[in-house]
Structures are given as C-alpha cells and as structure tokens.
Amino acid sequence: MLDRLKEFASNFFVTGEPMIYMSDVAIVLVSLAIIFTLTYFKKWKWLWREWITTVDHKRIGIMYLISALLMLFRGGVDALLMRTQLALPNQHFLDAQHYNEIFTTHGTIMILFMAMPFIFALFNIAVPLQLGARDVAFPYLNAISFWMFFFGALLFNLSFVIGGSPDGGWMSYPPLTELPTDPGPGENFYLLGLQISGIGSIATGINFIVTILKMRAPGMKLMKMPLFCWSVLASCIVIIFAFPALTIALLLLMIDRMAGAHFFTMTGGGNPMMYINLFWVWGHPEVYIVILPAFGILSEVVATFSRKKIFGYASMVASLMVISIVSYLVWAHHYFVMGASAGVNSFFGVASMIIGIPTGVKIFNWIFTMFRGRVRMTLPIYWTMAMITCFAFGGMTGIMLAAVPIDYQVHNSYFLIAHFHQTLIGGVVFGLLAGLYYWWPKMFGFKLNERLGKWAFWFFNIGFYVCFMPQYALGFMGMTRRVYTYPADAGWTSMNFTSTIGAYMMGVGFIFMVVQILYSIKYGERDLTGDPWDGRTLEWSVPSPAPEYNFAHIPEVEERDAWWEMKQKGQSLVQLNHQKPFEPIHMPNNSGRPFIMSLFFFIAGFGLVFNWWWMGAVGLLGVAVTMVLRSQERHDSHYIPAEEVQRSEAALGRF
Amino acid sequence: MSTAIHKSSHGSVHESPKYKGKVLPLEYTSHEGPLNILGFWIFLATDLILFGCLFATYFVLRTHVDGGVTDKELFDNITSFTAETVILLTSSFTSSLAIFAMRNNNKKRLIGWLIVTVILGLSFVGLELREFIEYYHEGYTMSRSAFLSGFFTLVGTHGCHVSLGIIWMISIITQIARYGIDAINARKTFIISLYWHFLDIVWVFIFSVVYLTGVVS
Amino acid sequence: MKTWWRKGLFLGALGLLFLTGCSEKYPLLDPQGPVARKEYHMLLLTTILTGIVIVPVVILLFVVAFRYRDRPNSKAAYKPDWHESKWLEIIWWGIPVIIILIIATVTVKETFALQYPPEKKEPITVEVTSLDWKWLFTYPEQGIATVNYMNIPTDRPVKFVLTSDAPINAFWIPSLGGMQYTMPGMAMRLWSQADEPGTYIGKGANFSGKHFAKMSFKVNAQSQEDFDKWVEEIKSTKPALTNEGYAELSKQSVVGESAYSSYPEDLYMNILMKNGGEYMPNHWMMMENQKTAQPTK
Ligand code: HEM
Ligand SMILES: [Cu+2]
Numbered sequence: 001m002l003d004r005l006k007e008f009a010s011n012f013f014v015t016g017e018p019m020i021y022m023s024d025v026a027i028v029l030v031s032l033a034i035i036f037t038l039t040y041f042k043k044w045k046w047l048w049r050e051w052i053t054t055v056d057h058k059r060i061g062i063m064y065l066i067s068a069l070l071m072l073f074r075g076g077v078d079a080l081l082m083r084t085q086l087a088l089p090n091q092h093f094l095d096a097q098h099y100n101e102i103f104t105t106h107g108t109i110m111i112l113f114m115a116m117p118f119i120f121a122l123f124n125i126a127v128p129l130q131l132g133a134r135d136v137a138f139p140y141l142n143a144i145s146f147w148m149f150f151f152g153a154l155l156f157n158l159s160f161v162i163g164g165s166p167d168g169g170w171m172s173y174p175p176l177t178e179l180p181t182d183p184g185p186g187e188n189f190y191l192l193g194l195q196i197s198g199i200g201s202i203a204t205g206i207n208f209i210v211t212i213l214k215m216r217a218p219g220m221k222l223m224k225m226p227l228f229c230w231s232v233l234a235s236c237i238v239i240i241f242a243f244p245a246l247t248i249a250l251l252l253l254m255i256d257r258m259a260g261a262h263f264f265t266m267t268g269g270g271n272p273m274m275y276i277n278l279f280w281v282w283g284h285p286e287v288y289i290v291i292l293p294a295f296g297i298l299s300e301v302v303a304t305f306s307r308k309k310i311f312g313y314a315s316m317v318a319s320l321m322v323i324s325i326v327s328y329l330v331w332a333h334h335y336f337v338m339g340a341s342a343g344v345n346s347f348f349g350v351a352s353m354i355i356g357i358p359t360g361v362k363i364f365n366w367i368f369t370m371f372r373g374r375v376r377m378t379l380p381i382y383w384t385m386a387m388i389t390c391f392a393f394g395g396m397t398g399i400m401l402a403a404v405p406i407d408y409q410v411h412n413s414y415f416l417i418a419h420f421h422q423t424l425i426g427g428v429v430f431g432l433l434a435g436l437y438y439w440w441p442k443m444f445g446f447k448l449n450e451r452l453g454k455w456a457f458w459f460f461n462i463g464f465y466v467c468f469m470p471q472y473a474l475g476f477m478g479m480t481r482r483v484y485t486y487p488a489d490a491g492w493t494s495m496n497f498t499s500t501i502g503a504y505m506m507g508v509g510f511i512f513m514v515v516q517i518l519y520s521i522k523y524g525e526r527d528l529t530g531d532p533w534d535g536r537t538l539e540w541s542v543p544s545p546a547p548e549y550n551f552a553h554i555p556e557v558e559e560r561d562a563w564w565e566m567k568q569k570g571q572s573l574v575q576l577n578h579q580k581p582f583e584p585i586h587m588p589n590n591s592g593r594p595f596i597m598s599l600f601f602f603i604a605g606f607g608l609v610f611n612w613w614w615m616g617a618v619g620l621l622g623v624a625v626t627m628v629l630r631s632q633e634r635h636d637s638h639y640i641p642a643e644e645v646q647r648s649e650a651a652l653g654r655f
Numbered sequence: 001m002s003t004a005i006h007k008s009s010h011g012s013v014h015e016s017p018k019y020k021g022k023v024l025p026l027e028y029t030s031h032e033g034p035l036n037i038l039g040f041w042i043f044l045a046t047d048l049i050l051f052g053c054l055f056a057t058y059f060v061l062r063t064h065v066d067g068g069v070t071d072k073e074l075f076d077n078i079t080s081f082t083a084e085t086v087i088l089l090t091s092s093f094t095s096s097l098a099i100f101a102m103r104n105n106n107k108k109r110l111i112g113w114l115i116v117t118v119i120l121g122l123s124f125v126g127l128e129l130r131e132f133i134e135y136y137h138e139g140y141t142m143s144r145s146a147f148l149s150g151f152f153t154l155v156g157t158h159g160c161h162v163s164l165g166i167i168w169m170i171s172i173i174t175q176i177a178r179y180g181i182d183a184i185n186a187r188k189t190f191i192i193s194l195y196w197h198f199l200d201i202v203w204v205f206i207f208s209v210v211y212l213t214g215v216v217s
Numbered sequence: 001m002k003t004w005w006r007k008g009l010f011l012g013a014l015g016l017l018f019l020t021g022c023s024e025k026y027p028l029l030d031p032q033g034p035v036a037r038k039e040y041h042m043l044l045l046t047t048i049l050t051g052i053v054i055v056p057v058v059i060l061l062f063v064v065a066f067r068y069r070d071r072p073n074s075k076a077a078y079k080p081d082w083h084e085s086k087w088l089e090i091i092w093w094g095i096p097v098i099i100i101l102i103i104a105t106v107t108v109k110e111t112f113a114l115q116y117p118p119e120k121k122e123p124i125t126v127e128v129t130s131l132d133w134k135w136l137f138t139y140p141e142q143g144i145a146t147v148n149y150m151n152i153p154t155d156r157p158v159k160f161v162l163t164s165d166a167p168i169n170a171f172w173i174p175s176l177g178g179m180q181y182t183m184p185g186m187a188m189r190l191w192s193q194a195d196e197p198g199t200y201i202g203k204g205a206n207f208s209g210k211h212f213a214k215m216s217f218k219v220n221a222q223s224q225e226d227f228d229k230w231v232e233e234i235k236s237t238k239p240a241l242t243n244e245g246y247a248e249l250s251k252q253s254v255v256g257e258s259a260y261s262s263y264p265e266d267l268y269m270n271i272l273m274k275n276g277g278e279y280m281p282n283h284w285m286m287m288e289n290q291k292t293a294q295p296t297k
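One line per chain: the protein sequences are P, H and Z, in this order.
Under the numbering used here, the residue at position 33 of the first sequence is numbered 33, and the numbers go up by one with no gaps.
Under the numbering used here, the residue at position 88 of the second sequence is numbered 88, and the numbers go up by one with no gaps.
Under the numbering used here, the residue at position 216 of the third sequence is numbered 216, and the numbers go up by one with no gaps.
Only chain P is shown next, with the shape it has when bound in the complex (with noise of 0.2 angstroms):
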C-alpha cells in the first residue's frame, strides 16, 4: 500500500529538479502566508464578499490585470532561464527535456495567460466607462469569463509541479503531441487549461460586441465612440470568429489522446495538416485580437496628451476594420514551406503584406495627431512613443516574413523569433503599458510615480533592443528556434550573450515597474478630480476610482470627444446631479455561482488530465448543475435607492 502510494506520488508530483523542489516549497509557503494573512485579519468573508463573487466590471479588471501581472512575471522568468541557457554554447544549465517544457509553457502564457487578460482588463476598466454605461451587457457572464480564464490559467500552471509540464511547443503541432510521442499529462494540461480559458475569451467577445452595440450613451452615435471601443469590438469580432478553431483543434487532439482516435495521427488515416489548419486558423487573428486594442490604447493616448483630436477618425476605423477581416485571410503564412502550391503561397503572402497598409495609415495619423498638438511627455506617451517605433519596424519584418521566398529561408529561424517579439512586445505590451499607465489613476486613483517609471523604461526599452536586435543576425546566420543548446564552433556565441544581457536588462525594467508600483501605492500623487490627464472621454467625467454605478445621471453625449467638449462648454457631470434628481439605479447581483462553476470546470479539467474519469464526471455534473440553477434565476439585479445615490455623490464631493 504505502509503496504503491509512494509511486503514484512521485509520478503525480514532479520531482529530480532542485528548482521544482524550491518552487513547490515557495508555493506552499506562500499559500499558507496568503490563507495566514487572510484569516489573521479576518478578510475571507471580504474575499469572497467583494472580490470573488463582484459582477463589477471595474473590479473584474483589476483581478485580470493582477493575474496578467502575476503571469508576465512567471512567463519572464521563463525567459530569463531560457536566456541563461542560450548565453553560452553547450550549456547544461538546462536539459533538453527542461528546456522544451520552459519554451512551451512561455509562449503559451504569455499569449494566452498574459497578454490576453491584460486586453481583457483594459477592456473592462475603460470600456464601459467610455460609453457611458454603469457595466457590461452582461455582468454575470462577465464574472463566469473571469473565473473561467483564472481556472484555466491555474490548471496550466500547475503543471509545473504536479505531473509535468507541456513539452510540444506553443502550437502543440501533432503528431508530436500525441500519445506515442508526448505520452506524460502535461500535453492534457495544455489541451484543458487552453480548452478552459478559451471558453471564457469567447464569452468575453460576445459580452463587449453587445456591450459597445447596445449601451452607449444616448446621442453616442457608432461614430462619435472612442477609438478604443472601435479597437475592442474589431478585437471582439475577431475573437468570436477565430476561438471557435481553437476550441476544435483542442478538441479534437483531445479526443485523440484520450479516446484513441485518429484526427491527427501518423496511423489510421489521421492528418496532422488539419491540426496546423485549425490552428492558425484561430492563432494569426489571435494576434491581432491582441493589437487591436493596442492600436486603440495609442489612439487615446495620443489624442490626450496632444491635447488635439486625433487625426483622421474615420481613416483610424476603417483601417480597425480592414485588419479585422483582413486577418482572416492570412493564416497559412504560418506554414509557406509545408508543401502548399506557389499560387496558394501568393495569396496569403500577397494578403499578409496587405495588412501592412492600414497598419502604416494608424502611424501616418498618430505622428499628425501630434502635430500641431503639445505633447506632453509623460510615461504613457513614453510607452506610445517606444510602441511606435518598435511596431514599424516589427510591421517591417513581417512584410518581409510574408514575402514568400525570404519566409522559404527565415522561417522558424531566429528572424522569425525576433519578429514576432518585436510586434507582441514592442507593439502589444509596450501599448498596453501605455494603457496601464493611463488607466491606472482612473482604477486605483493614484498616479504611478514618473521618475521610478523612467528607470522602468528605458531598462526595459534598451534591454528590448540589446535583446531581439541580435536575433534577428542569429535568424541570419542560421541559427534555429527551439534549439536548447549550440556548439561553441557555430559562430553564434557573442550574439547569444548579448542577446541575454538585454534580457536581464528587460527583467531589471520589470523590476523597477513593480518597485514603482508599490513605491506609489504609498506615496503616489492622489488624483482627486477624476480627471489627472485633462482627458477627452467619459471615463475621465467621474470620480478616481469611480463609484459602483459609474454615473449617477447618464451624460447626452453630442460631439466625438465627449468630455473635452463638455469641458470647452463649461459642463461638468456635477452640474446634471444638480439639475437633475436622483433616481434608483438598476444594477446586477453579485453572484458566487461564476466561481462555483469554473472551479467544476477546473475538477473536471483536472480529473481528464489524469484520466481520472470519475473526476471528470463529477466535475462535469458539477457544471450542469450550476447552469440549471442558473437557468433557474429569475431576477438577477437590485436598486440602488435614489437616496444612497445622492448620499454617495455627496460623500464623493459631487453634490
């Protein structure tokens, strides 16, 4: 008995690796530190009260962001051991076996554990308040996308101590990932926690289109909205035409795995081509669903801190929409050497370089929207500025990639490394950074310290370039992506190593950002007014942070920039408390049933890891019950009585 036990522990926990062993007592240490914490001050029935069962949309994006925060944190130590791994030829630092794991489950976080909650954050904080709204369309799906991503994510990270990790690369190409090849649960950890957090993207794509389609502010006309919420519901459409691809090629890989079927087999008839079809199918809009709201982010920014209105409006969302559908067009530029016909490889060539041209006319109206503006160089235009340049050049090397006979030599080398990093850090993180910075007062009601955000950058920035400049040369020199290790002979060295100096470079930035962070926390500049930049849009018309219902009376919006036009004629939302009376605001329940649910998610996803059936079955039936009980609710939402309304505008210095 106790043998058998001991067996099944050492398969089901990973052991042999020092640094697993110090990561699973960090893990334990800091879980009893946070369940310590929490009950020492009494918190849990805080926890749950205001955070885990909120259908709030402001605070639903905090937690994304913090989990988004929390994930680029894990993902860049990823890189950094991967980093340290490459500086020097025929290291042993990490073994092969380590090193493909580390690379599967950096590329895999970081995109869909990083960079897709922070849009989601950005969406939930600023969008509703944009349009004027008191939350999204749908609050109680909004929780269940939350919890669903936070499940997931969960799942997929405890891979790294329970069972092992992912090993097939962030794409999972079969037939390596099946069964023959890949027979250990971490490709199941990949499989459910995408499948799990997939689920919530989708929901979070429906929730925002009907959101920006329905509850704007009367008068607010489709062409009078921010262009960030033109940016989300091009990322929105997007996101609900290509995940549905996601969930199939997991699906079905899935089904391989676990019911022995032959999808993506080399026997049975199976063709691992479809998979790769899937895929990309979903995986090119994928990034661009995460651009997207970065292209809107500068577009606000710029606009802001020019004190200006932004160039070329119309020009700015029609070039959203082009890249929207034009995504769709492009996916088989991931595989031109895979056999495909050199009619077939024009077309996607010719269509990925299309994109290329809306992208440039957003930089020609951003540069315009600055002249003639007064640009302030505060951090968020820092980032923008950064995000620019770094963008066109990452827009460059793509139109290279997608030019079909330099791809037949760069592809999966170094260059393409570089490219892709250029355009999701340069152009995706370094926008989103831009955004983080403007959004936080209006989240947190503090501003971030400038001068410890200085240092942030120009680490990080730098350390960008010193890092992914020199890989495009190893792409050149021939060196390939994935490798774990190179011989000394190969002439590769001294780019490696200046490669990793810049990625430490990049984690000092990181470092210096959560130092301002916290620095702030404490002593940060207050923001008092609600509006610290002097903005343009309704977010800035109400109170840092702002007050549960967002607006105690709905602006009429008349003119693009509707709180800078109100400002220009002297208005201000104090004066509608004033004119106008109080009335109840409808606002939803909170609900713990999101959490519940997603957690039976997580059971069940955990019991397929393992192919524990039963587990599955239980968390399965779990999930059933608590859609039927939601079916069951009838009434879903409560009044806040006029007079609490008028007693917290009062309490917030607005009446």
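Take these hints with a grain of salt, some might be off.
[Unchecked claim] In silico BS3-like links for lysine-lysine, alpha-carbon gap of 30 angstroms or less:
| no. | chain 1 | residue 1 | chain 2 | residue 2 |
| --- | --- | --- | --- | --- |
| 1 | Z | Lys210 | H | Lys72 |
| 2 | Z | Lys86 | P | Lys569 |
| 3 | P | Lys224 | Z | Lys86 |
| 4 | P | Lys447 | Z | Lys79 |
| 5 | Z | Lys75 | P | Lys454 |
| 6 | Z | Lys210 | P | Lys6 |
| 7 | P | Lys567 | Z | Lys75 |
| 8 | P | Lys221 | Z | Lys159 |
| 9 | Z | Lys79 | P | Lys221 |
| 10 | P | Lys580 | P | Lys224 |
| 11 | Z | Lys210 | P | Lys569 |
[To be verified] If you want the footprint, here are the derived chain P segments under chain H, 3+ residues with CB under 8 angstroms:
| no. | region |
| --- | --- |
| 12 | 465-477 |
| 13 | 493-507 |
[Stated by the list, open to error] Computed beta-carbon distance windows for the label pairs:
| no. | chain 1 | residue 1 | chain 2 | residue 2 | range |
| --- | --- | --- | --- | --- | --- |
| 14 | P | Ile511 | Z | Asn243 | 51 to 61 angstroms |
| 15 | P | Ala33 | H | Leu164 | 58 to 68 angstroms |
| 16 | P | Phe13 | Z | Asp195 | 49 to 59 angstroms |
| 17 | Z | Lys75 | P | Phe73 | 37 to 47 angstroms |
| 18 | Z | Glu84 | H | Leu38 | 28 to 38 angstroms |
| 19 | Z | Ile52 | H | Leu48 | 13 to 23 angstroms |
Just so you know, the hints here were simulated from the structure itself, not pulled from any lab data.
Note that the Cβ used here is the ideal one computed from N, Cα and C, for glycine as well.
Fit chains H and Z with the ligands to the given chain P structure using the hints.
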C-alpha cells in the same frame, strides 16, 4: 412585472415596450431581453463556426478509412437516419408552435408544445444513441479510422448540443408552469427556440453532407 | 533626449555589423547557390523598399514629438481642432499601397519561379527522411544511403524529396537556400543547387521532440567527378541498409554519421505509405519517380 424592470436606467436604448413607434414583442420588453437575444445570436454565430470546423475536418477525413468501413457501407440503414431527420424537423416545427402559443398568451398550449418538443428531442437522441451502439457492436469505433473519428465527433457534438437543449428546455417549462408568461419567461423561451432551430439547421447539413453524400457516393 | 542618441548609435553599430558581416558566419547573406541567391535578393529588395518608408516615418515621429512638445512659451503652432485633411490621408493611404504593390508583384513572380529547377540541367534526386533525431538520405539513382550527412554534385540542380517517419520536422540548408517541412505520409519537393564545392551546414528547423537540437547535418558539395568517386567508394566499402537495419535506425536515438552501399528498393515508398501516403497528394511523385518501386502494400 415588466414595467418595473424597464424603468431601469442601465444605459439601454430600449426603455419602453415601444421602440421607434413599434410595439415590441414581450420578450424584448425587459431590460435584459434585447441584450440577451442579440448576445445569443452572436453566440450562435460562434457555434456555427465551431460546427464549420468539424464539418471541414470530417470532409477532409471522409475517405481516410484505413482499410476499414466506408461511409457508404456504414450508412446502410437509411430508415434510421431518415427517422432522426424527420423527428428533429418536426420538433423544430413544434417549437415554433410553442412560440406562436406564447404570442397568443396561451400558457397551456405553450407548455404543451414545449413538452412535445422535448419528447421529440429525446426520441432523436435515443435513436442516435441506438445507431451509435449498433456501430459499436459491429466494431466501428472512433479509434478504428480517421473517418470514424470524424463521424462520431461531428454527429456526437450535435447530439450533445441537443441533449443540453433538452435539459434547458425542461428547466424553462418548469418556470413557465410556475410563473406564467411574463417578459422574463418569454425571453427565455424565445432564446431556447432560437437554439433549437439552429440545431435543426446544423442537422440538415449533417443529413446532407454526412449521410446523403455517404449513401450516394 | 540623450539616451535616444545612445539607442540610435547602438542601432547604427548593429546595422554596420550586418553590412560588414557577410562572411561565413552569415550564410543567409552569403548565398552559395542560385536558390539562396534569389531569396537573398528578395531580402535586399524588401529591406530597401520598406526601409525607405519606415525609417523616415520614425524620424518624423521623433521630430514632430520634439517640436510640438509641451513647454512653457512654446512658439510652435497649436491647432487643437485640426483633425482632417483629405489630401494628406490620400497620400498616406497611397504610399503603402504603392510599396506593397511592388513587393507583392516581385513576391508572386519569384514564388512561382522557385517552383522550378534553378537551371535546365539533368537534376539529381535525393530522398530525405527525417527520423527521431537524425536524417536519412537515400539516393534513388545511385542506390546508396547516408545518415546525417550528404554529398551532392555542384552546378547541377538537386531535387530533394522530403518526408518523415517521425513527427514533423523541416529541412533547411541556409547556404543553399530554401526550407521545406518533412511531413509523415507526404513527399514534398525542394529544389536546390550549390555553385562551389564546400561543406555547408543543414538543419532540422521544426521542433520534433527531446533531442531536436541535435538534428543538424553536413552537406558536402563537390564536383561531379569527386561525387562519382564518392558514390563508388560508398558502394564498395560500406554495408547495406536492410529493413531490420532501418527499423533499428528509426528508433529514437541520436547517432553520428554513417553510410550504406545500398538500401531496400521500396524503402522510401513504404515509409510514405505506412504513414498515410495514400491519402496525401503524392501523385506527382509516384509518376515522376518511375525508378522507385511501387509500394509492397
Ligand atoms: C504587417 C504586419 C505583419 C505581417 C505582414 C506579419 C507577417 C508574419 C508572417 C508571414 C509570419 C510567419 C513567419 C513564419 O512562420 O515563417 C509571422 C509570424 C508571427 N507573427 Fe507576424 N506579421 C505582422 C504583424 C504581427 C503582429 C501585429 C503580431 C502580434 C501582435 C505578430 C505576431 C506574430 C507571431 C507570434 C508569429 C509567429 C508565431 C510562431 O510561429 O510561433 N505579427 N508574421
Ligand atoms: Cu500570422
């Protein structure tokens, strides 16, 4: 009931049962009504793409029989899948009759037609299960060939959708029985009927792309 | 401001490195055959065409941001409501359209050109099979086989026919140009050619499991006579590759170089067929490869 809800000032443009001069159907009169219905349409679009991907996979793998049974041989029992088709089409019709009864504010009829729809749905699932079990006994399982993997997954996914719809519909029937036809129940009923029609359309594709093509080829 | 300069300097230095770096270390910038050369020219062309727009645009960004930065008593113009100009917008929809049009035209032309052998000479065929974690090269015309290295004649088109008896990989010889995936059950074609005798490094370019990093191989290009001599030498000195030998070889392992005087005639076809070749679009190969025996299945 509904008047209390649509007094809300939740930022919605639909503030009264009248919208742009037209009287709205009951299901649109609550605050959530129009939002949920639009949201559900979008959900159906995503579900359609989901099925689209399964159809594409099936189509690619249709001939990959690995020396085993082909579609022509597998679908020799024409009556079975024809019966499934007729039953599901009929259930789609009865769910429309249910909505019709709802419009006429006839609670009994509404419940009656919904129950008929559920029964038809159950018999559809039953027949399909019987078909699958039969195949299983003949050794035609998912792990035999890529073609069979594609077939069971596509048709099985549809079957799961139908089963889920049945549970959902029963849950709604109990609510209508208790609370009658109000804005909330009208919305729920309308949405499940959308879902039901959608599954019907998907089945028509399965019938033609999978079964008919198989028999004819 | 100062640090922007430093960044510029660094980028400039890096650019110089690229320009001066056309040595052995940069096989992509130092093509050794007509295919790689075509691809290299394409690289230069797109770099220039995209560079002439993007570099000025980025400079413009910084100039504008600097000139219109917010400072007390700024003399620069300030027009907070100026937000539209039809002509300006037509210009910047136009510029990228033109650039992309040129690049797209060249891309299509070259993509089609690369389908065909680089020269009108009798090609030599090498069948490539990627295994876990090694490369098997079989020469249907010569009847020999090698592992983890290959010899090819110079000045003559080489037709690589690629497949895999293991998870997907990709075949890449940076100096000679072109890459193609090796897919189980599929026989894919890649044209190549070497100008000069020399030894080039080839790589497995698609992740295929634990020891993927060990999947590089040597390509020795040599004159036709030397090549013929080499074939004779292999034939006379090396053992034969049997089906059992192949079964052993195809197990997961990392091995060194080796060579075989012969191999089972239907080996390649059998590899294709057992991995689902009958379902894949391999007809062109079945027709072209008359010399290869039909599958035994
Ligand atoms: C003008 C715009 C762009 C073009 C023309 C372009 C083109 C390409 C092409 C052709 C590839 C495939 C290269 C190969 O696998 O050999 C590629 C890869 C990639 N691109 Fe882009 N791209 C553009 C923008 C972006 C953006 C905005 C992002 C992300 C935000 C992005 C992220 C990626 C990623 C992640 C990959 C590689 C995925 C992988 O293989 O792991 N690209 N790009
Ligand atoms: Cu792409």
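Outcome of the hint check:
no. : hint                                      : in the structure
1   : Lys210(Z) x Lys72(H)                      : violated (42 angstroms)
2   : Lys86(Z) x Lys569(P)                      : holds (28 angstroms)
3   : Lys224(P) x Lys86(Z)                      : holds (19 angstroms)
4   : Lys447(P) x Lys79(Z)                      : holds (28 angstroms)
5   : Lys75(Z) x Lys454(P)                      : holds (27 angstroms)
6   : Lys210(Z) x Lys6(P)                       : holds (27 angstroms)
7   : Lys567(P) x Lys75(Z)                      : holds (25 angstroms)
8   : Lys221(P) x Lys159(Z)                     : violated (61 angstroms)
9   : Lys79(Z) x Lys221(P)                      : holds (25 angstroms)
10  : Lys580(P) x Lys224(P)                     : holds (25 angstroms)
11  : Lys210(Z) x Lys569(P)                     : violated (67 angstroms)
12  : 465-477                                   : violated (count 0)
13  : 493-507                                   : violated (count 0)
14  : Ile511(P) x Asn243(Z): 51 to 61 angstroms : holds (59 angstroms)
15  : Ala33(P) x Leu164(H): 58 to 68 angstroms  : violated (42 angstroms)
16  : Phe13(P) x Asp195(Z): 49 to 59 angstroms  : holds (57 angstroms)
17  : Lys75(Z) x Phe73(P): 37 to 47 angstroms   : holds (46 angstroms)
18  : Glu84(Z) x Leu38(H): 28 to 38 angstroms   : holds (33 angstroms)
19  : Ile52(Z) x Leu48(H): 13 to 23 angstroms   : violated (45 angstroms)
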